[in-house]
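Trainee: The residues making up each chain are set out below.
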Amino acid sequence: MQAVKDTWTMTKRSFRHITRSVDTIITVVIMPIGLMLLFEYVFGGALGQQTGTKYINFITPGIIVMTVASGIAYAAVRLSMDMQSGIINRFRTMPVAPSSILGGQAMSSTLSNLFSCLLVLAVAFLAGFRSSASFGAWLLFAGLLALFTLALTWMALFFGLLAKTMEGAGAFSYLVLLLIFISPTFVPTSSMTHVLRTFAENQPMTPIVETMRSLLSNGTAGPKLWTALAWIVGILVVMYVASLAVYKRRTITTGN
Amino acid sequence: METAIAVEGLQKSYKKVEVLKGVSFQVGKGSIFALLGSNGAGKTTTINILTTLLKADAGTATIDGVDVRQRPEQVRQRISLTGQFAAVDNRLTARENLRLISDLHHLPDSAQTAAALLQQFNLVDAADRYVQTFSGGMRRRLDIAMSLIGSPSVIFLDEPTTGLDPEARNDMWRTIKALAKGGTTVFLTTQYLDEADQLADQIAVLHQGKIIASGTASELKRLVSGSHITFTFATEKQCVAAKALLAKHYQVASDGVTLSVIIDGTTSQVAQLFAQLRDSHIEPTEFSQKVPTLDDVFLKLVGTAKEEK
Numbered sequence: 002m003q004a005v006k007d008t009w010t011m012t013k014r015s016f017r018h019i020t021r022s023v024d025t026i027i028t029v030v031i032m033p034i035g036l037m038l039l040f041e042y043v044f045g046g047a048l049g050q051q052t053g054t055k056y057i058n059f060i061t062p063g064i065i066v067m068t069v070a071s072g073i074a075y076a077a078v079r080l081s082m083d084m085q086s087g088i089i090n091r092f093r094t095m096p097v098a099p100s101s102i103l104g105g106q107a108m109s110s111t112l113s114n115l116f117s118c119l120l121v122l123a124v125a126f127l128a129g130f131r132s133s134a135s136f137g138a139w140l141l142f143a144g145l146l147a148l149f150t151l152a153l154t155w156m157a158l159f160f161g162l163l164a165k166t167m168e169g170a171g172a173f174s175y176l177v178l179l180l181i182f183i184s185p186t187f188v189p190t191s192s193m194t195h196v197l198r199t200f201a202e203n204q205p206m207t208p209i210v211e212t213m214r215s216l217l218s219n220g221t222a223g224p225k226l227w228t229a230l231a232w233i234v235g236i237l238v239v240m241y242v243a244s245l246a247v248y249k250r251r252t253i254t255t256g257n
Numbered sequence: 002m003e004t005a006i007a008v009e010g011l012q013k014s015y016k017k018v019e020v021l022k023g024v025s026f027q028v029g030k031g032s033i034f035a036l037l038g039s040n041g042a043g044k045t046t047t048i049n050i051l052t053t054l055l056k057a058d059a060g061t062a063t064i065d066g067v068d069v070r071q072r073p074e075q076v077r078q079r080i081s082l083t084g085q086f087a088a089v090d091n092r093l094t095a096r097e098n099l100r101l102i103s104d105l106h107h108l109p110d111s112a113q114t115a116a117a118l119l120q121q122f123n124l125v126d127a128a129d130r131y132v133q134t135f136s137g138g139m140r141r142r143l144d145i146a147m148s149l150i151g152s153p154s155v156i157f158l159d160e161p162t163t164g165l166d167p168e169a170r171n172d173m174w175r176t177i178k179a180l181a182k183g184g185t186t187v188f189l190t191t192q193y194l195d196e197a198d199q200l201a202d203q204i205a206v207l208h209q210g211k212i213i214a215s216g217t218a219s220e221l222k223r224l225v226s227g228s229h230i231t232f233t234f235a236t237e238k239q240c241v242a243a244k245a246l247l248a249k250h251y252q253v254a255s256d257g258v259t260l261s262v263i264i265d266g267t268t269s270q271v272a273q274l275f276a277q278l279r280d281s282h283i284e285p286t287e288f289s290q291k292v293p294t295l296d297d298v299f300l301k302l303v304g305t306a307k308e309e310k
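Residue numbers (my numbering), protein chains in the order written: chain A, 2 to 257; chain B, 2 to 310.
If we strip away everything but chain A, and leave its shape as in the complex, we get (with noise of 0.2 angstroms):
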């Protein structure tokens, strides 16, 4: 019980440094709202016609992906942040249960980028996205996306554990962007050269981003659905591995 009531009391410790920095939540958002009005207004006639339906509707799901790759990068900042401070070893010495200090930089950044996906999603809506998908399959994307945002955020503690200093410690999810845009998110990958598209068809955002489009279009799951939760779980378990083996040993002060 101990172990909950510390996480919550560092949960809301980091959730505090989240709301003092407005700015932070507005570039987290800015990023995917702006690339979903530029497709759907810009490209989007040209580039719809190849999807065979509703171009909004086409690019929510990979935006909103989007959204929680972008978020990330904040988490992997904040850690940062605290491990160069003394911050870190006060806890360490404190009847502080050791899961929360890590636990709660997790939570807070689940909760935050999920509120940040719920954001874009609304603008989405206000754009004209749609969707028939019943109860159970929004229920579905959103147990999927919240297991994602999980996955991502132990990647970015990882990360933000290697980080030498507190600017590069965001640098990583420029890559998971990058992977994001070479997926069928904007476009079919059919559409693409044969080389991408092998890369693109194997890739983990992939079978991700198609899946969560399934559940919003169609209701169902599809047929990756496996094969995105076997990537998200296996991120979520080496990154959660790795973050706790470097948090061992970058605590262990090397200092006099």
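Since the hints were made in silico from the structure, they are not lab data.
Among the hints, erroneous ones may be present.
[Unchecked claim] Have a look at the derived ranges for each label pair, beta carbon to beta carbon:
1) A:S100 to B:T61: 42 to 50 angstroms
2) A:W9 to B:E220: 49 to 57 angstroms
3) A:S100 to B:Q12: 28 to 36 angstroms
4) B:P109 to A:G144: 31 to 39 angstroms
5) A:L120 to B:G183: 45 to 53 angstroms
[Claimed, not checked] Think about it this way: if two alpha-carbon atoms lie no more than 30 angstroms apart in a straight line, the pair counts; the simulated BS3-like pairs of lysine-lysine are:
6) A:K249 to B:K222
7) B:K56 to A:K6
8) B:K178 to B:K291
9) A:K249 to A:K6
10) A:K249 to B:K16
[To be verified] Over 10 angstroms on every C-beta distance to chain B, these chain A residues come out as not near it, computed from the model:
11) I88
12) T94
13) L119
14) V247
Glycine included, C-beta positions come from ideal geometry on N, C-alpha and C.
Dock chain B against chain A, hints included.
Mentor: Okay, now just chain B, sitting in the frame of chain A:
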């Protein structure tokens, strides 16, 4: 006196570098203990082991009789650490920092705990400002205030005044003395000799991973030759006369019109010295007294340690 900290044969190496080579000492309950040493002597490593951050390779350490290696959770209930870099959250206010620590200690009324400490550490006006805007001294005060939450019986301060201006340093010294007066055991590290001199009941000098001397400040000062008084006379003749007179009782050395007399530092001896000169109608034009400082002690000890190597 009851023992608050007992350390026996502590050893620690990083890769192939031996940082601690068998460190032993004891700290009495409610006293101020200073671990004195230059950069790289092993001070922070010692603190990290005692505060459960780091595991020793060999040796034992107990806090209030609880082994730091075997029962780290119980040790954490009894201690608090104020590290070299202020362990405060810059992105929260002072009040929020205090309430955070109070919540992590599961105290029933964090608001009241925070209010009382803000008062005690003269931070009421700055209570709701972000710590980011604080001066170094204020940040240190908040740091110590946070360390007091949960009523630890031993407080560890790693170089508590490094980087502070003289006024903030005096503030910190007062705070540390008040803590010990209230019954808390204070373990501090410092590279400033005057700090150890001012504050500590017991001092241990750590040099290259070994304790090379320990005792009270005055015990350590006795390790170097005592104080001496230097007289200056108007003429060389007077100086020679004074030397002849005082050489019967004291160790003296003269150079032209100046004469140095080694004394034990007691006032009665100084008074006697002046009386003897007056009775013989020898009047010095100037005099000065040199008292050994911990600097002398430190330099001598470190010098000896080098020779032994």
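Trainee: Hint by hint, note whether the structure agrees.
Mentor: Now the hints, each set against the structure:
For A:S100 and B:T61, the Cβ-Cβ distance of about 28 angstroms falls outside the hinted range of 42 to 50 angstroms, so the restraint is violated. About 51 angstroms separates the C-beta atoms of A:W9 and B:E220, a value consistent with the hinted range of 49 to 57 angstroms. In this structure the hint that A:S100 and B:Q12 lie 28 to 36 angstroms apart at CB holds, the actual value being about 30 angstroms. The beta-carbon spacing between B:P109 and A:G144, approximately 37 angstroms, falls within the hinted interval of 31 to 39 angstroms.
Judged by the Cβ atoms, the range 45 to 53 angstroms given for A:L120 and B:G183 holds: they are separated by roughly 51 angstroms. In summary, the hint linking A:K249 to B:K222 is not supported, as the alpha carbons are separated by about 43 angstroms, beyond the 30 angstroms threshold. With a C-alpha separation of about 27 angstroms, the suggested pair B:K56 and A:K6 falls inside the 30 angstroms cut-off, and the hint holds. Taken as a hint, the B:K178 and B:K291 pair is honoured in the structure, with Cα atoms around 28 angstroms apart against an allowance of 30 angstroms.
Using a Cα cut-off of 30 angstroms, the hinted pair A:K249 and A:K6 holds, with the two alpha carbons roughly 22 angstroms apart. For a cut-off of 30 angstroms, the pair hint linking A:K249 to B:K16 stands: about 16 angstroms separates their Cα positions. For A:I88, the condition that its CB be more than 10 angstroms from all CB atoms of chain B is violated, with the nearest at approximately 5 angstroms. Interface exclusion of A:T94 from chain B breaks down, the closest Cβ pair being 4 angstroms apart, not more than 10 angstroms.
At the 10 angstroms boundary, the C-beta of A:L119 stays outside the reach of chain B, the nearest C-beta of that chain being 25 angstroms off. Look at A:V247: its CB is around 17 angstroms from the nearest CB on chain B, clear of 10 angstroms, so calling it non-interface holds up.
In terms of the numbered hints stated before, the structure departs from hints 1, 6, 11, 12, listed from lowest to highest.
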